[in-house]
Amino acid sequence: MSVSDKTLKQIEDVGPYKAGFVTDIESEKAPKGLNEDIVRFISAKKNEPEWLLEWRLKAYAHWLKMPEPEWAHVSFPPIDYQDSYYYAAPKTMAERPQSLADVDPKLLETYEKLGIPVREQEMLAGVAVDYVFDSMSVATTFKESLKEKGVIFCSISEAVQECPDLVRRYLGSVVPYHDNKHACLNSAVFTDGSFVYVPEGVRCPMELSTYFRINEMNTGQFERTLLIVDKGAYVSYLEGCTAPMRDERQLHAAVVELVAHEDAEIKYSTVQNWYPGDEDGKGGIYNFVTKRGICEGANSKISWTQVETGSAITWKYPSCVLKGDNSVGEFYSVAITNNFQQADTGTKMIHIGRNTKSRIVSKGISAGKSEQTYRGLVKIMPKAEGARNHTQCDSLLIGDTCGAHTVPYIESRNPKAQCEHEATTSRISEDQLFYCRQRGIDEEEAVGLIVNGFCREVMQNLPMEFAVEAQKLIGISLEGSVG
Amino acid sequence: MIKINNLHTVIDGKKILKGIDLVIKPGEVHAIMGPNGAGKSTLSNVLAGRDGYEVTEGSVQFEGADLLTMKPEERAGAGLFLAFQYPVEIPGVQMTQFLKAAVNAVRKQRGQEELDALAFLKLIKSKIKELDINDEMIKRAVNVGFSGGEKKRNEVLQMTLLEPKFAVLDETDSGLDIDALKVVAEGVNRLRSPERSFLVITHYQRLLDYITPDVVHILADGRIIKTGGPELALELEEKGYAEFVEASDNEEAA
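Chain order of the listed sequences is E and D.
For the first sequence, the numbering used here gives the first residue as 1, with consecutive numbering after it.
For the second sequence, the numbering used here gives the first residue as 1, with consecutive numbering after it.
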């Protein structure tokens with residue numbers, strides 16, 4: 001019996017489905033709502049081995065009992081988990097907009113400002129055009145050169161089929177399924193995401209995912225990413241896209257796990273620009289992400305860089321567990337909120353090994369009626385001799401109806417550890433704006449310029465190809481925030 | 001070039017300018033001298049379009065257009081430049097980035113093609129050489145950690161790059177030592193041309209040793225009380241403001 005037949009058999013054994021749900025494995029959409037059958041359906045659809053189905057089911061059972069995290073400084077009505085679809089194939093050509101003329105002009109305006117080529121615009125907006133991608137051929141050569149080096153870079157569904165041992169060993173090893181309610185949900189119903197393995201001593205020859213900015217867009221609502229970098233290896237991974245992404249599905253709960261072995265280094269960069277809702281605070285994505293990396297081996301390093309401008313609500317704390325001696329964790333963040341956006345974001349640095357070092361640079365910009373919180377934990381365990389942390393949190397306020405909050409937690413159980421925390425809050429001054437405008441620069445561009453200056457320390461850490469677009473993005477995100 | 005007609009200004013309910021009349025023709029350099037609180041900085045801010053200055057009466061025509069209805073950036077595009085008395089710091093924004101944004105913003109407004117990074121770099125390199133500015137300066141953040149002299153040189157550099165038709169220098173000499181003063185004055189003199197006009201606002205005569213004005217005005221208590229040639233500045237230096245100031249109520253701070 002083939003694997004898929006076996007799974008089918010299992011599903012049949014479970015008994016009849018509720019609410020008219022037929023066990024039609026060919027169906028492209030699971031019915032609305034969440035229950036154990038949906039979890040089984042997803043797993044079957046992906047032809048997964050039994051251990052993974054069981055893991056998902058365990059996560060689901062745990063999720064049912066878990067309370068929602070309520071400590072973050074965000075407010076929204078309770079989520080009706082039964083009112084969502086948890087598995088749907090991408091839209092067919094016929095369902096998509098037929099040309100750019102059918103696409104929201106506001107969206108196109110933004111693409112224009114970001115300088116995105118028309119063909120790429122069409123792809124991003126999901127226009128039904130069948131391209132023979134240029135990027136496809138690029139992608140092919142790209143994949144070949146990775147293969148030569150022994151780097152595995154594929155979707156997590158493929159990885160489950162192609163290298164199940166690696167997936168089984170590491171999946172949930174950094175973020176266990178019971179970590180928090182959102183991670184738990186992701187573990188039960190994740191549909192896709194990326195998988196990377198870089199073998200010992202290999203320096204990954206290119207920034208991963210740069211060529212995939214288009215292809216990546218349908219990875220969806222419950223994305224699961226797993227990066228494993230073996231001894232002495234290096235990888236730089238880019239996630240997300242500077243172009244605004246519309247998605248009707250409100251809840252996004254992703255999980256990212258990073259594992260860095262001895263002497264390995266991971267650089268993980270994110271630009272998040274999900275739909276933030278309109279000027280009145282209607283709509284927008286809830287972005288509830290659990291990102292964590294472990295510096296498993298000695299002298300390893302994990303560096304997170306994020307530019308967060310989208311989503312109605314952001315709940316995100318990319319963290320580092322510094323287990324190996326002399327390991328280093330870094331977190332560089334720019335978060336921009338405008339209109340009615342809410343963001344509660346920050347990091348956790350857990351120092352376990354000796355001489356572990358961490359550095360946190362967070363730049364928060366709030367405008368409109370938005371609320372933003374930096375929430376960070378620095379925890380030094382008793383054996384972390386010589387551990388050091390430096391944290392710098394700067395907030396910039398635009399207008400007088402927004403909020404910025406800084407909530408640092410420092411927990412040191414080693415008396416010799418050094419923790420430093422600096423925080424500032426400031427405004428864009430009238431003088432700065434007038435100075436720029438006297439030089440011919442209009443108000444919006446001036447704000448963009450000043451804010452980019454404010455974020456410079458973080459932006460410098462972005463890979464080149466991202467940095468320019470991210471700069472423009474900052475200006476665009478703050479449109480309408482002055483004047 | 002510019003025609004100021006019976007200009008009255010109020011800040012926070014306080015009358016500062018009380019009827020300024022001033023006509024500057026292309027190619028002319030006018031100096032406005034006056035004691036503290038006369039309204040010198042108010043005049044430059046009103047011309048540049050800073051918020052918070054209410055014009056209650058009068059008009060300003062710049063090359064035939066109504067200057068007062070234009071936004072600050074539009075005035076810059078039209079060719080008005082203000083060299084600030086206290087140039088502001090913009091942390092994290094590199095000089096080159098700022099200058100490029102400014103140059104391209106005015107070029108765009110003037111219907112000229114924007115410069116790409118390479119063309120701009122060429123332009124700025126030639127200008128800083130002309131002005132004897134250390135090229136390390138343009139790698140720093142705008143005015144951050146600049147000495148008083150560096151800040152004023154930076155103003156002259158920006159003026160040179162933006163090629164204004166009419167430049168207002170607001171107490172550009174304040175806080176400068178004599179060497180820096182010379183550099184600034186040389187920069188201004190190099191820009192003097194039959195098409196370009198200047199309004200040099202200063203407290204002291206010193207700057208006018210290096211920038212010779214065509215016309216000198218004395219501003220006191222919001223009015224121009226005397227107008228003359230360059231010799232007026234020397235006379236003023238000798239006698240002091242008191243002799244010229246009839247209206248005694250000049251306590252109102254600008």
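In case anyone wonders, no lab produced these hints; they're calculated from the structure.
Where hints are given, some of them may not hold.
Stated by the list, open to error - Below, simulated EDC-like cross-link-like pairs (lysine to aspartate or glutamate); rule was C-alpha separation at most 16 Å, straight line:
{"no.": "1", "chain 1": "D", "residue 1": "LYS71", "chain 2": "E", "residue 2": "GLU162"}
{"no.": "2", "chain 1": "D", "residue 1": "LYS71", "chain 2": "E", "residue 2": "GLU330"}
{"no.": "3", "chain 1": "D", "residue 1": "LYS71", "chain 2": "E", "residue 2": "GLU469"}
Stated by the list, open to error - Beyond 12 Å from chain D on every Cβ pair, some chain E residues (computed):
{"no.": "4", "residue": "TRP55"}
{"no.": "5", "residue": "LEU57"}
{"no.": "6", "residue": "ILE428"}
{"no.": "7", "residue": "ASP442"}
{"no.": "8", "residue": "GLU445"}
{"no.": "9", "residue": "GLY448"}
{"no.": "10", "residue": "ILE450"}
{"no.": "11", "residue": "CYS455"}
Idealized CB from N, CA, C, for every residue including glycine.
Here's how the hints hold up against the structure:
With a C-alpha separation of about 63 Å, the suggested pair D:LYS71 and E:GLU162 falls outside the 16 Å cut-off, and the hint is violated. Restraint check for D:LYS71 and E:GLU330: not satisfied, since their Cα atoms lie roughly 44 Å apart, outside the 16 Å limit. At roughly 28 Å between alpha-carbon atoms, D:LYS71 and E:GLU469 are farther apart than 16 Å, so this suggested pair is violated. Every C-beta of chain D lies more than 12 Å from that of E:TRP55, the closest at about 46 Å, which supports listing it as non-interface.
The claim that E:LEU57 is not at the interface with chain D holds, since no C-beta of that chain comes within 12 Å of its own (minimum 50 Å). At roughly 10 Å from the closest C-beta of chain D, the C-beta of E:ILE428 falls inside 12 Å, breaking its exclusion from the interface. Remark: the non-interface label on E:ASP442 conflicts with the geometry, its nearest Cβ contact in chain D lying 5 Å away (cut-off 12 Å). Its beta-carbon lying about 7 Å from the closest one in chain D, E:GLU445 breaks the requirement of being farther than 12 Å from that chain.
Under the 12 Å C-beta cut-off, the non-interface status given to E:GLY448 relative to chain D is violated; the minimum distance is some 9 Å. Remark: the non-interface label on E:ILE450 conflicts with the geometry, its nearest Cβ contact in chain D lying 6 Å away (cut-off 12 Å). Separation of E:CYS455 from chain D is inadequate, the least Cβ-Cβ distance of about 7 Å not exceeding the 12 Å criterion.
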